[in-house]
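For reference, the chains in residue letters:
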Amino acid sequence: MAAVARDARPSSSPVELLVNVGKNQSTKTLLRVIILGFIAAAAVASRLFSVIRFESIIHEFDPWFNFRATKYLVAHGFYDFWDWFDDRTWHPLGRVTGGTLYPGLMVTSGVIYHLLRALTVPVDIRNICVLLAPAFSGLTAFAAYLLTNEMTTSPSAGLLAAAFMGIAPGYISRSVAGSYDNEAIAIFLLVFTFYLWIKALKLGSVLWGALCALFYGYMVASWGGYAFITCLVPLHAFVLICMGRFSMRLYTSYTTWYALGTLASMQIPFVGFLPVRTSEHMPALGIFGFLQLVAFLEYVRSAVPSRQFQTFLYVGLGGIFGISLLALIGLTTFGYIAPWSGRFYSLWDTGYAKIHIPIIASVSEHQPTAWPAFFFDLNMLIWLFPAGVYLCFQKLEDEHVFIIVYALFGSYFAGVMVRLMLTLTPVVCVAAAIAVSQLLDAYLVVKSPEPADNEEENLDSTGKKASKHGVLRTASQPVVGIYNLLSKGFVAGCMTLYLLIFVQHCTWVTSNAYSSPSVVLASRMPDGSQHIIDDYREAYQWLRQNTKEDAKIMSWWDYGYQIGGMADRPTLVDNNTWNNTHIATVGKAMSSREEVSYPIMRQHEVDYVLVVFGGLLGYSGDDINKFLWMVRIAEGIWPDEVKERDFFTARGEYRVDGEASDTMKNSLMYKMSYYNYASLFPPGQAQDRVRGARLPDQGPVLNTLEEAYTSENWIIRIYKVKDLDNVGRDHAAAASFERGHKKKKATKKRGPRVLRVD
Amino acid sequence: MAPKKSAAAASAASPSAPATTTAPTASTSTVAKTSASGPQSIDQVARNIVEHYQKTTPQRTKLIDVFMAFLVVVGGLQFAYCVLAGNYPFNAFLSGFSATVGQFVLTASLRIQTTEANKSDFPSISPERAFADYVVASLILHFFCVNFIN
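Quick note, the sequences are listed as chains A and B, same order. Heads up, the first sequence is in the numbering used here, so the first residue is 1 and it goes up one at a time. Heads up, the second sequence is in the numbering used here, so the first residue is 759 and it goes up one at a time.
Simulated from the structure, these hints should not be mistaken for laboratory data. You can trust all of the hints, since none of them are fake.
List of simulated lysine-lysine pairs, DSS-like, C-alpha gap at most 25 Å:
#1 LYS202(A) <-> LYS877(B)
#2 LYS720(A) <-> LYS626(A)
#3 LYS488(A) <-> LYS28(A)
#4 LYS720(A) <-> LYS665(A)
#5 LYS199(A) <-> LYS877(B)
#6 LYS202(A) <-> LYS395(A)
Residues of chain B placed beyond 12 Å of chain A at every Cβ, according to the derived structure:
#7 VAL832
#8 GLY834
#9 GLN836
Cβ pair distances, simulated, as ranges:
#10 PHE837(B) <-> GLN367(A): 37 to 47 Å
#11 SER341(A) <-> ILE907(B): 23 to 33 Å
#12 ASN845(B) <-> LEU293(A): 17 to 27 Å
#13 ARG729(A) <-> ASN845(B): 58 to 68 Å
#14 ILE907(B) <-> ILE501(A): 51 to 61 Å
All C-beta atoms in this analysis are idealised placements derived from N, C-alpha and C, irrespective of residue type, glycine included.
Hey, can you work out the whole structure from these sequences and the hints?
Written out as structure tokens, the structure reads:
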């Protein structure tokens with residue numbers, strides 16, 4: 001404080017004051033606060049495109065369930081939410097919601113809701129849900145700032161990382177306003193947990209370790225991706241031990257984190273005993289045990305200094321590690337520990353999901369990432385990222401090892417699965433910020449470096465870093481300065497230009513690619529004005545207003561959450577794909593003949609069937625395009641009743657026009673999609689704009705269903721399941737009777753009758 | 759084992775104190791014995807360790823060690839009971855067992871942080887701070903355990 005005052009006094013004239021801005025400590029702090037404030041504001045503002053263009057609604061599919069659960073929490077209180085049995089999904093089965101969801105997101109927004117009400121700012125729960133992700137993205141930027149400041153002494157790196165994290169499209173894609181998904185708060189928790197872990201490791205403090213465990217517990221309560229932390233932190237510890245960097249700080253921080261964090265994670269009903277039972281969590285347990293051993297042997301070594309004993313220690317250490325690994329393998333093979341679950345296993349064996357679990361492979365986010373996606377989501381960060389990792393190798397303290405490990409695994413996972421780009425983005429931002437700040441620190445200093453500086457630093461570092469220099473000779477390179485003002489200006493100018501382009505790219509990507517609510521489809525009229533296609537909400541609203549309160553809706557699982565959220569009607573299956581057989585049942589009903597489907601629908605008390613059809617508008621994400629996945633999933637359960645091969649023509653084509661296979665034409669999905677569709681066009685002109693096929697004039701005939709509602713652009717079609725026939729005929733006979741196909745001459749010939757059995 | 763630490767370890771070896779955790783000294787010798795295979799006489803090693811322990815450990819640290827030994831015994835008993843009688847209320851077993859394990863590692867951390875020889879590893883943590891941290895972490899641990907045991 002006194003130093004600041006002394007600094008400030010001589011610069012009394014305004015010019016000197018201007019020159020000295022940023023020199024003393026308090027102005028620096030003020031600038032930092034202002035910059036972080038601006039970054040948070042930019043992070044929030046860049047996520048609001050969809051709210052400003054359209055309206056403040058929940059996007060996508062999954063968020064609709066989260067929203068519905070949050071409404072339930074707010075309306076009924078916490079305890080009811082915790083034991084909520086939801087009988088309006090998975091119709092005959094119901095869903096034990098309290099035990100099958102991660103409650104962190106809902107509880108967070110519930111707390112915010114009540115907090116705001118306590119402050120007499122009554123905000124609608126929908127608006128809190130919509131704007132939760134932008135708010136937390138500001139916090140994520142701050143967490144990235146903290147994490148980066150642990151990595152480097154450079155004053156600018158943290159701010160750069162915060163700026164990158166705030167606007168990088170890789171993170172924006174999952175956190176725009178209205179995207180009320182678990183990732184909205186999970187990425188903040190991920191980065192903040194990592195920050196706390198690094199802090200705990202550096203200080204060796206039990207308190208920071210406990211804080212890290214608490215935030216880890218919060219993360220577990222929020223997102224299934226917590227397994228990433230559970231595997232990354234032990235891996236970091238293991239790499240440190242292998243590098244011979246075991247220290248007592250590692251012991252205290254890791255064991256505190258593990259002991260408290262595991263208990264904290266087991267408090268979540270959805271997680272339960274998984275941390276001691278499944279393979280995903282075994283690395284953490286193994287390293288926990290291994291650390292005890294290492295620490296004990298370290299103690300013994302300090303007690304008995306002997307060369308031979310040392311080698312014996314290493315052998316013992318390796319031996320026990322090997323034995324425990326064998327024990328783990330043994331326990332897994334004998335079934336005490338569950339093997340990797342399919343979702344995680346498919347990350348290692350990338351062909352696994354496609355063959356064995358079509359329901360995982362059917363999700364578009366679970367595909368491998370293409371190169372352009374990396375550049376699209378991270379722009380210049382993607383080529384600064386390796387440079388930043390390289391710089392971490394040069395310094396290589398404990399925390400840099402973390403960045404390296406994280407970078408390796410994060411990039412592998414992001415390469416395997418598109419949606420895991422999200423976990424890569426934080427480390428990319430941190431590493432890129434380290435690289436950029438290194439560059440700017442070298443080139444943006446007006447003063448030329450003095451050679452004496454160099455020696456002094458060497459002298460200074462001999463004490464503490466002597467052993468380090470022995471480890472890495474490359475790290476002890478001479479300091480080379482830049483003396484030419486022109487080259488400084490040129491490089492700094494280039495970098496500034498890149499940074500500006502980065503901002504522009506991020507804004508453009510966010511505005512054009514990631515800010516469209518999938519509930520409303522926007523298109524442009526020829527004169528440039530916007531035309532909104534709002535069929536989804538139109539149809540859901542119809543369901544809400546014109547059907548019984550407990551009318552069961554059958555649709556493909558993609559729309560389960562939206563129907564539950566917007567139409568407020570019970571559904572058979574939804575996006576939480578926990579019961580594969582039930583989904584296969586719906587798939588079978590959709591892909592079979594009417595005679596087969598009708599009993600299935602009767603057995604499940606289905607009242608309405610909803611299909612999405614994009615043929616009129618050219619909306620490609622419709623049910624005919626998803627139809628093959630329904631067939632595949634149904635085939636997995638009933639291989640002899642549903643066969644994928646039957647849906648192709650003889651030449652192996654998937655067609656919907658006149659040449660489609662008979663199975664295809666008779667399937668319920670085909671009939672529902674194209675029912676009456678040809679009547680929309682002049683004869684011979686019926687056209688499917690998605691498949692680009694010309695349809696036959698004679699459309700399919702539906703006997704067991706009747707059309708209940710078709711939305712304006714024919715995107716959503718709703719059918720009502722007919723009741724049983726009054727006089728006990730089957731529906732085909734009844735329908736043909738209605739159509740007037742009466743037998744002209746009542747043939748007197750008696751058919752082969754069977755004996756009546758009473 | 760760490761090259762970085764080897765200098766410190768060598769200096770620490772002569773007069774001053776131990777580094778880490780272990781359970782009672784009795785188990786020390788058994789562990790050493792089981793994994794012994796070298797020509798070195800293990801008796802000698804074990805005796806050295808015991809002697810070193812008794813000579814260099816301050817009274818307060820020994821008290822901590824007694825508590826840790828007690829925790830090991832309690833944890834061992836619980837585990838034995840679980841093996842013998844089955845693990846039906848698995849959450850109860852887990853919370854009891856992890857309470858002992860968690861308390862054990864927290865106490866070990868306290869012991870590490872308060873040991874003189876480790877001062878260089880923890881420049882910012884005074885013994886009082888270490889104890890306060892220990893109390894906070896133990897409270898959190900017990901909250902979770904009580905919550906989990908139902």
